[in-house]
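Novice: So the chains spell out like this:
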Amino acid sequence: MQTTEKQTTDKQNSAETMIEIKGLSVNFNTQRGVVKAVRNLSFSIPNGKTLALVGESGCGKSVTAHSINQLLPMPPGEIVSGEIWFRGEDLLKKSEKEMQKIRGVKISMIFQEPMTSLNPVFSVGRQIADVFLTHHALSKAEAWERAVELLNLVKIPSPAKRAESYPHQLSGGMRQRAMIAMALASPDPGLMIADEPTTALDVTIQAQILDLMVSLQQRIGMSLLLITHDMGVVAETADHVVVMYAGRKVEEGDVFSLFREPSHPYTLGLMNSLPSNEKYRGASRLEAIPGTVPDLLSIGEGCPFMNRCRYATEICGKEFPDETRLSENHSAWCHNLSAVKESK
Amino acid sequence: MNGDIVLKADRLHTVFEVKSQHQEKALLRAVNDVSLTIREGDVLGVVGESGCGKSTLGRTILRLEEKAAGEVLYRGTDIFSLHHKEMKQYRKKMQMIFQDPSSSLNPRKKVISLLKQPYKIHKMGSDAEIQERLESLMQEVGLNPRHQRRFPHQFSGGQRQRIGIARALALNPEFIVCDEAVSALDVSVQAQILNLLLDLQQKHKLTYMFISHDLSVVEFISTRIMVMYLGKIVELADKPELMANPLHPYTKTLFAAYPVNDPAKREQKKRVVMGDVPSPINPPPGCHFHPRCPYKMPICEEKYPEITEAAPGHQVACHLFNK
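Respectively, the protein sequence lines represent chains A and B. By the working numbering, the letter at position 172 of the first sequence is numbered 172, and the numbering carries on one by one without gaps. By the working numbering, the letter at position 222 of the second sequence is numbered 222, and the numbering carries on one by one without gaps.
Bound conformation, chain A alone:
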């Protein structure tokens, strides 16, 4: 083991990298068998940047987020292998006590439904003030004042009055703003994980929340891990994109390359499934991906997309492909990239 050498390089990298995931594999040991939810996943997010993890239900994107925070129910969950380096430290080697000082402090999380993460019996001002009381030497009155300032920062109208509201008295968009405010109350926000943060919101409110997240992120220099199924949200907010399918990373790239030249058959299929795609102006059919997502219980060593892929060949069933670099910042994992490219 060359741990010492590795750690020094990681420490150097940590100057620019907020979080780096290396070879993460997560299983769920269920009564029906082993579900391989995430397999050999690697990516990193530089300081102040946004990475979008995209994919459909069951692709492993939320499991990845929960692995970072170590919020996976274990058992049945099990992190089989991998490292999660956050500011030069491997989170998977931390004890639960150490994680408590990181979770919600350096790594905050926003969920799809903020009602489940806010405490219904305390006012939102109190809940934000509590974060200040825990981490800063402030009096209760000062903490309350800071909470109101934050509510103002996240653009909640009449923040002093709203601080006294209970979560159920706020609209969905307001609750999501309160969650963001709470994340910002921490003394040292490094990474924000947003799991489908706008999926439950109306589209005009979604636009406001995305706008807010991006502007605050730039202001504070936080990194953002955005988990979403919505390609439009990705196109508007992400710097870098990782596309997942059935637990595997199938394509990744900077947002411009990936949208300009989606290369993996699944990414292509996903883009073609969007009715807003330019090519469907006046068309009466979409190019849908046939079939459905495979059962993760019965997935072999090959490419999980092969059953739905029209480019699949014999080798696809045998082994998962290696990385193919398409450009400096753009890679795909597919055996038949040249065939895909020709047919485009």
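Source of the hints: derived by calculation from the structure; they are not laboratory data. Wrong hints could be hidden among the right ones.
[To be verified] Distance condition first, Cα-Cα at most 25 Å in a straight line; then the derived DMTMM-like pairs of lysine to aspartate or glutamate: (1) B/LYS265 <-> A/GLU196; (2) B/LYS109 <-> A/ASP295; (3) B/LYS110 <-> B/GLU86; (4) B/LYS239 <-> A/GLU278.
Fit chain B to the supplied structure of chain A, relying on the hints for placement.
Specialist: Chain B alone, transformed into the frame defined by chain A:
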């Protein structure tokens, strides 16, 4: 294009009695003075944010909710004037597809009995005929007839929606209200179901009212599009006209709020609209949109604008276009 009128709603109102925060009775005007016509072969898309009344409108048109005022004419017949038995005959013609197939399918019934139900209710056909029809129906919506003895939970979300579609199609309807029919599905499956709905429409000459919060879906499937806000129609026009030339400030802000699937265009986006959608229980006086409207005039706070024709077939309810 100019087929017969299948359905006509005239100054339709649907009102719910609700209790406000202080336990006082209040009226929620979910559908407020809506008039529209749907012609044979049309797909009328209805877009709007939560609480705009789009689902209630769909349900009232099928007489699944009682109206408060106005009328709904199905091929000229006022369906609210019909007795239960007569209405039953009309129910064969008018069907609905729901958003969440798992909550609209009885989990304790096998697919086959779920699909048989419509025939039993309407006492149509012998057992052998029904069985034959069921199998071709399953095939038609892309389900394997061999799976007819399975329960709903044994299917994926997309397949369950196919069951819901098969059930809506069972009695050979003419008009189907699709209420967020693809909203709960993953995009790749959503595309399959949209294709299926379009194929079925052509094959059976169906007319749809397609309700969705997702503009891209509505834009793809519709021939006409209607935009609602707090129970009212704010704009209604043929799809190409509305997409090219949206007039109402709400329509414009709504359209601008949808993310564009092209990162290169992100800088060009217009500013986002401020504020929340107000409560439909006590909507703002005058034009309901005025508190969020960038073009607000004094009259907007006082009077709700009448719906007017800004161009042939292009209706809009905004004082900017009231001359």
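Novice: The structure should be examined with respect to each hint, and the outcome stated for every one.
Specialist: Cross-check of the supplied hints:
{"no.": "1", "hint": "B/LYS265 <-> A/GLU196", "in the structure": "holds (22 Å)"}
{"no.": "2", "hint": "B/LYS109 <-> A/ASP295", "in the structure": "holds (24 Å)"}
{"no.": "3", "hint": "B/LYS110 <-> B/GLU86", "in the structure": "violated (30 Å)"}
{"no.": "4", "hint": "B/LYS239 <-> A/GLU278", "in the structure": "holds (16 Å)"}
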